[in-house]
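Asker: Spelled out, the chains give:
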Amino acid sequence: GAGVSQSPSNKVTEKGKDVELRCDPISGHTALYWYRQRLGQGLEFLIYFQGNSAPDKSGLPSDRFSAERTGESVSTLTIQRTQQEDSAVYLCASSFSRGKNIQYFGAGTRLSVL
Amino acid sequence: ILNVEQSPQSLHVQEGDSTNFTCSFPSSNFYALHWYRWETAKSPEALFVMTLNGDEKKKGRISATLNTKEGYSYLYIKGSQPEDSATYLCASPPGDSSASKIIFGSGTRLSIRP
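For the protein sequence lines, the chains are A and B, in the order given. If you count by my numbering, then the first sequence holds residues 2 to 115, one letter each, in order. If you count by my numbering, then the second sequence holds residues 2 to 115, one letter each, in order.
I should point out that these hints are in silico values taken from the structure, not numbers from a laboratory. Treat the hints with care, since some could be wrong.
Listed next, the in silico DSS-like pairs over lysine-lysine satisfying Cα-Cα at most 25 angstroms (straight line) [stated by the list, open to error]: (1) K12/A x K43/B; (2) K43/B x K101/A; (3) K58/B x K18/A; (4) K59/B x K70/B; (5) K43/B x K70/B; (6) K60/B x K58/A; (7) K60/B x K79/B; (8) K59/B x K16/A; (9) K70/B x K101/A.
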């Protein structure tokens with residue numbers, strides 16, 4: 002596709018349910034990032050993939066959060082047993098490689114946990 | 002710990018006036034400095050990636066400078082227009098090759114008064 006695609010664009014779920022957020026990066030981009038922005042706060046780094054591996058998962062806020070990437074393409078961010086504090090906009094970005102290359106962001110998934 | 006800080010937090014500028022704001026980052030272990038513009042209801046959009054001390058980049062009425070020795074970057078907007086209203090984010094990935102976190106500042110929210 003022409004840009005980074007994220008789905009769903011909006012997700013409303015009940016506390017305790019699991020959710021999966023999907024990111025389809027720009028073709029050929031080896032680096033993929035997940036961020037979130039909670040209401041009134043800045044952009045918070047969650048995890049980074051180089052290819053299919055995630056060298057550093059320490060940005061994930063708890064063990065309820067996990068992410069994977071397959072085929073150096075699509076990535077899924079899974080939140081288990083969602084809590085109200087997980088409500089946020091989850092943004093995905095991709096770039097040719099880490100660090101010096103600009104990141105292209107998707108439109109985000111707005112997650113609301115009731 | 003890498004801290005990226007931006008000031009001011011918010012700024013109100015009269016249309017036609019020029020303005021600037023600051024991003025500061027630890028000067029040790031510098032790797033790159035990114036600037037993004039984030040308009041309401043849209044995705045963050047890259048403005049510049051800067052790597053060398055003394056770098057100056059320009060895109061239309063927007064320009065940026067970089068001082069890696071003292072750890073700051075300035076973003077300048079000349080002749081502000083209403084479409085410049087957005088949150089401006091800077092980000093810096095640490096130079097440590099074992100680290101993958103990309104740290105964003107909390108942003109400068111710019112509002113242009115017509």
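Asker: Each hint should be assessed against the structure and marked as holding or not.
Answerer: Here is what the structure says about each hint:
no.: 1; hint: K12/A x K43/B; verdict: 17 angstroms, holds
no.: 2; hint: K43/B x K101/A; verdict: 23 angstroms, holds
no.: 3; hint: K58/B x K18/A; verdict: 46 angstroms, violated
no.: 4; hint: K59/B x K70/B; verdict: 21 angstroms, holds
no.: 5; hint: K43/B x K70/B; verdict: 34 angstroms, violated
no.: 6; hint: K60/B x K58/A; verdict: 35 angstroms, violated
no.: 7; hint: K60/B x K79/B; verdict: 11 angstroms, holds
no.: 8; hint: K59/B x K16/A; verdict: 47 angstroms, violated
no.: 9; hint: K70/B x K101/A; verdict: 18 angstroms, holds
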